[in-house]
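Top to bottom, those sequences are chains B and P. No gaps in the numbering here: position 114 of the first sequence is 99 in this note's numbering, and each next residue is one more. No gaps in the numbering here: position 75 of the second sequence is 80 in this note's numbering, and each next residue is one more.
Calculated from the structure, these hints are not laboratory results. Misleading hints may appear alongside valid ones.
As the list claims (entries may be wrong) - Label pairs and their in silico Cβ distance ranges:
#1 P:E65 with B:L130: 29 to 37 angstroms
#2 P:T23 with B:L130: 39 to 47 angstroms
#3 B:R74 with P:P45: 30 to 38 angstroms
#4 P:T27 with B:E127: 36 to 44 angstroms
#5 P:M6 with B:G208: 30 to 38 angstroms
For glycine and all other residues, C-beta sits at the position ideal for the given N, C-alpha and C.
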Amino acid sequence: MIITVTGGKGGVGKSTTTLNLARELDGVAVDADLATSDLPRGRGPDIHDVLAGRAAPMDAVEWLGSVRVLSCGRTLEGARAAELDELPRTLDLLDRKYKHVVVDTPAGLARDVGVPVASADVVLLVTTPKKPALLNALQTRELSLDLDTPVAAIALNKAGPESEMPDRLEDEFGVPTTGIPESEAVAAAQETGMPVRQADPDAEALERYTELARTIQECEQRGGGARNSIGNTGR
Amino acid sequence: MVRVETSTDRRAGVTFVTAQVTNTRSTPQTVRMRANVDGPMWEPRSGSGRSPEWGEETWETTILPGQTRGMGFATPVEPTDSMTKLVSVTRQEDAGTATREEAVLAELDEWSPPSDIMVEEQ
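So that you can see chain P by itself, here it is in the shape it has in the complex (with noise of 0.2 angstroms):
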């Protein structure tokens, strides 16, 4: 499974609320998680938009096993025991392959274009 050590820090009248993800399986692992607080959330946010791990309330990423990934959002809302309520965790079906793909593509010969047969623009 999934270890989650969540943490808050009340300033200002804001609970930010911080979480570290640990897989402790010996797969990678899909992990989905949503603010548990009755009231506003709001994620982080790069720049303009929402950062790529958060969705509509929820979070989600894939952390590989022995991997630690953090989440974290802020709320008005009084610290509780449970600020954070993991979702899902599922095994990440796909990594195996994409790796193999990677190391299938690596062993290949580097692309470059041969000077020899190249024909200038007319």
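Just chain B, with the same shape it has in the complex (with noise of 0.2 angstroms):
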């Protein structure tokens, strides 16, 4: 299954949701954030050298840590020499090696979003609580609709502890949310490129993570996702 996740809006948490949710469903980080990359480096091929050709999609993929990654190049020249067309085709031979594909997306609703969004069986759209995020996220959600990718799930940064704010989204938005409220073990994980699981196995933000996954096994059980009901022919 491959899971995009995107929201429209910068800083919000894609690259850590994104990081979180591969380790925990056991699968791939890919970050297709191609100028702007934030998933941590590795040391061998990156995507650009896949995009570009120079490199199997196989051959990129190392283990950081405790999440096989994906990552991405730091450099101009290996941002203009990949090849956006040739993401779907590589998302899909990851896809049938490993059985999640979660793959991390630039800000924005440009095109560099709308090919893994195309690409991807379900979307996880990642927003906080604040109104230009909020809207950016429903953008996200349209363009999502336009490309008959449905959306999984969604992930509410920094919400408040307490906040009723994942129950209004969930009913605004018909997806089911989980919160994920700010806290030194995500802000650890997010500096150190490490999964929570592996930061801070202890931390409560860990057992969102598990929930979010959770709710993306439950949608795969049902047979949820673009490529499955609509045959996943031209992908």
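With the hints as a guide, bring both chains together as one complex.
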């Protein structure tokens, strides 16, 4: 299953969510934020090399701590050489090998978001309770629906511990919503590039990421996802 | 439905069979055909591989409305009136979705890496 993590707004915690979800699902995190990547950087070939045809997707996946990551290079030359059109095939190949492919995307609603959304089985929307972030999340949801990729879940980062926001979002969007309160554990994980399960396994945030993973798995068991319902042709 | 026009050409003990397959409907159709010969059949090959339309003995492709595609093969069998057999014709369900997806993606802003936020490799 290909899960594209997106939300429109920058800095809402897409990369942190991607890394933690990939860890909880025992899948692979793919850094498709080709120019402004945030996931940890590996040592070998990266997604720029893969999208430029210089490396096979499998050869560019490496273990970074306890998570498999297809990381992204940091050079302008690399980003320029990367062919966005190659991304769907890359994700498809990874999907055949790993059960879950979790794709981090850039901010905005340009084609570098559209392509991974169109290639995914489901979308995970990431937002914070702030209005600009919520508006961006709404726009991203529109794009997902236009591209026939359903939204499987919402991760509401920086939700207050007692906030009613997750419930309200769940009603408003009609999608299971997990609130992930701001915490030292999440901040530390973000800083070190390690998932919470590795950085601070006793943290409460871990339960939230487990819940998020469970939502995705339930969606998968119900046969949810764009590619299941329309036969996986031409993707 | 689809219209199939088959012709044969016998040369040096080999029958070359060609068929023109036309989609006369208003929706894209996935067409499957096979050779109707009692004997060996040689499908066209490009380089070392079988051409993509050919599977094990069947030829399959999707034809857009009003379009014509050609299929062909060779066989040592003498020509008959019906060298090809239409196996199935089904409406291509995903065609609309694919086109829609492409249309939506085409409307989005082009992606280009912004030079000002890139960090040089260390």
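To see whether the hints hold, each was checked on the structure:
no. : hint                                  : result
1   : P:E65 with B:L130: 29 to 37 angstroms : holds (32 angstroms)
2   : P:T23 with B:L130: 39 to 47 angstroms : holds (45 angstroms)
3   : B:R74 with P:P45: 30 to 38 angstroms  : holds (36 angstroms)
4   : P:T27 with B:E127: 36 to 44 angstroms : holds (40 angstroms)
5   : P:M6 with B:G208: 30 to 38 angstroms  : holds (33 angstroms)
Consistency note: the structure conflicts with none of the earlier hints.
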